Amino acid sequence: MPLKVAAVLLALIGAAPPAAAGAPEVIAAEAVRTGPAPGAGVWRFSVTLNHGDTGWEHYADAWEIRLPDGTVLGTRILHHPHVEEMPFSRSLSGVTIPRSAAQVLIYPRDSVHGWGAPYPFDLPR
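If you count by the working numbering, then the sequence shown holds residues 67 to 191, one letter each, in order.
Check each hint, because a few of them may be wrong.
[Claimed, not checked] Just the calculated beta-carbon pair ranges, DEER-fashion:
no.: 1; residue 1: T137; residue 2: A89; range: 30 to 40 Å
no.: 2; residue 1: R99; residue 2: G121; range: 33 to 43 Å
no.: 3; residue 1: T100; residue 2: V178; range: 12 to 22 Å
no.: 4; residue 1: H146; residue 2: G180; range: 14 to 24 Å
no.: 5; residue 1: L189; residue 2: N116; range: 28 to 38 Å
FYI, nobody ran anything at the bench for these hints, they're computed from the structure. These figures come from a predicted structure and were not determined experimentally. Cβ coordinates follow ideal geometry from the N, Cα and C atoms, glycine included.
Taking the hints into account, I'd like the entire structure generated from these sequences.
So, in C-alpha cells, the structure goes:
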C-alpha cells in the first residue's frame with residue numbers, strides 16, 4: 067500500500083503546473099535621438115515587456131539601459147503590476163549615450179527574479 071501512495075504523490079508532483087510568472091522579457095524596443103550632448107546624444111527609448119504578472123507579489127518592476135561594459139545609462143521604474151496589460155510598453159526620455167556606442171543592452175527586472183536576460187539593441191544611425 068505505501069508504494070501505491072508514493073506513486074500517486076510522485077504523479078501529482080510531476081503534474082504540478084509551472085509558476086505563473088517566469089522572468090521578464092524585452093520583446094521590442096525603439097529609440098529616437100532627441101538632442102545632442104557634448105560627445106554624446108540624448109535618446110528617448112520605448113521598451114515593450116512581456117511577463118506573467120500575477121499582482122503585487124510578482125510583477126515586472128523596471129527596465130534598464132546599459133552599455134556593453136555594464137555602465138547604467140538609465141532606469142525606468144514600473145510602479146505597479148500590469149496583470150491585464152501584456153505585453154506593455156513604457157518610455158524613458160533623457161538617456162545620454164556616448165557617440166562611440168553602437169549598441170546598448172536593455173535589461174528587464176521583476177520583483178521575484180531580479181534582472182532578466184539582456185536585449186541587445188543597435189542604435190539607429
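Open item on the list: I'd like to know which numbered hints this structure contradicts. Please list them from smallest to largest.
Closed with: Hints 1, 3 and 5 contradicted; others consistent.
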